[in-house]
Amino acid sequence: MTPRLTLATASRVLTQLRHDHRTIALIIVLPCVVLGLIAWLFDGTPVLNQFGPVYVGIFPVVVMFLVTSVATLRERTSGTLERLMSLPLGKGDFVTGYALAFGLLAIVQALVLVAFTVWVCGMDVAGELWVLVLCAVLSAILGSALGLAASALARTEFQAVQLMPATLFPQLILCGLAMPRAQMPEVLEALSRVFPLTYVVDALGGVARGLAFTDIASEVGLVALFIVAAVLGGSLTLRRRTP
Amino acid sequence: MGNKGNVVEARGLTVVRGTTTALGGVDLDVPSHQIVGLLGPSGSGKTTLMRSIVGVQRTTAGSMTVLGRPAGHPELRRVVGYTTQAASVYADLTVTENLRYFAALLGAHASDIERALVAVDMAGLAGRTVGTLSGGERSRVSLAAALLGDPQLLVLDEPTVGLDPVLRRDLWDLFARLRNDGVSLLVSSHVMDEAARCDRLVLLREGQVLADATLPELLERTGTSEAGEAFLALIEARGEEGR
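Going down the list, the protein sequences come from chains A and B.
Numbering-wise (my numbering), the first sequence opens with residue 4 and increments by one.
Numbering-wise (my numbering), the second sequence opens with residue 5 and increments by one.
These are calculated hints, taken from the structure and not from any lab test.
What you were told as hints is all true, and nothing was included just to trick you.
One side of the interface only, derived from the structure: several residues of chain B facing chain A at Cβ under 7 Å: (1) R62; (2) L97; (3) A108; (4) L109.
Owing to the predicted nature of the structure, the values given are computational and were not obtained by experimental measurement.
Even glycine gets a Cβ: it sits at the ideal position worked out from N, Cα and C.
If we strip away everything but chain A, and leave its shape as in the complex, we get (with noise of 0.2 Å):
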């Protein structure tokens, strides 16, 4: 890997993004209506502040998995893959230029989240402000990250867009929102402790009871370890050469 091609990269899908204005605004606005939706829907109840903070982590996952494995299944279908595969740019380059990118975009899109949820929707958080900005800029890092990694398997735009909910879905099931994690059938709660998901949801659930930054912290790396593991397998799973 080399820091001058990573950027060059990043840099490029920076500018990509910057022409396409409409999916920007989608990316940033989306997230916000759903989670005015949440707070409209149970206005007069504790339901936003208690799960609130979590839904700030959850919509950005999914939102920046569907961008960023349709974004490098175009690279692949455009054959700009291939050429960047005959030139000396690393794999590792490409895919951490790319994480790198929407990485950003993740970190606008989590800070309007939330300022969005607590200024304008009045979420009131129990913990500290700057930890659930935190959580929510690394699950939205985390979304583009595993859509790197998965976008790997996929041939086709169906292909893609199934791998949402391949991925993601179960990841939902047993994060321990459909159901506390303790009262789940042994097995489902031990496949729950290898999903991400379960401890972006762990972690944010700690700050909406009010734990502090220390009590969450080991959540918090492990979700950083995933980011790192999957941006790695993404560029592993990366073939130069293809059949």
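Could you slot chain B onto chain A? The hints should help.
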């Protein structure tokens, strides 16, 4: 390591995809400082052969040397320019933004972008978004990207497809100038009248090399007056042999 006069040497190159044989033991020599035309119908293995040269094709058997190194060697990525059949450039970036990225990957100077654009007669459209260009203009942007840096070998997959006759002539003039400047070129085409602009011809059909000769040699051998007829005569002669 083989003849120093050849920039590409393939021996018994075989590519099998599932049950189909894309290349069945191809021997190929591309002499340096020449334009070698790779002619054959669609599906004959031209693209697979070119992909093998630039190191993005998984091969089944045989050997291939490019500029004295095994095909796909990292050192080659800087000195072998490649265009895929579809224009492999980013449709959502401008012409200049595209070339700026590819120049960054090659470590080429910004001034190189202007030179490449002038070479393909696209300097006037430098600020246009590639997605708004015609197919022919897009493929010239793709070609300009392959000219960046200091390529010693250009592997061009159907670079003149869909271009009007004047542009096609201009591009072949450009190829001749590049050859005179010391670049070696392998150019695929299914338009037989382009054979006259090549120093050497390789006729490919069903993954086999039918002929590897200069145009005059080919015409003399088959007793024909143009490349298309010669191709037909070779196919028929081979059919007789098989009977």
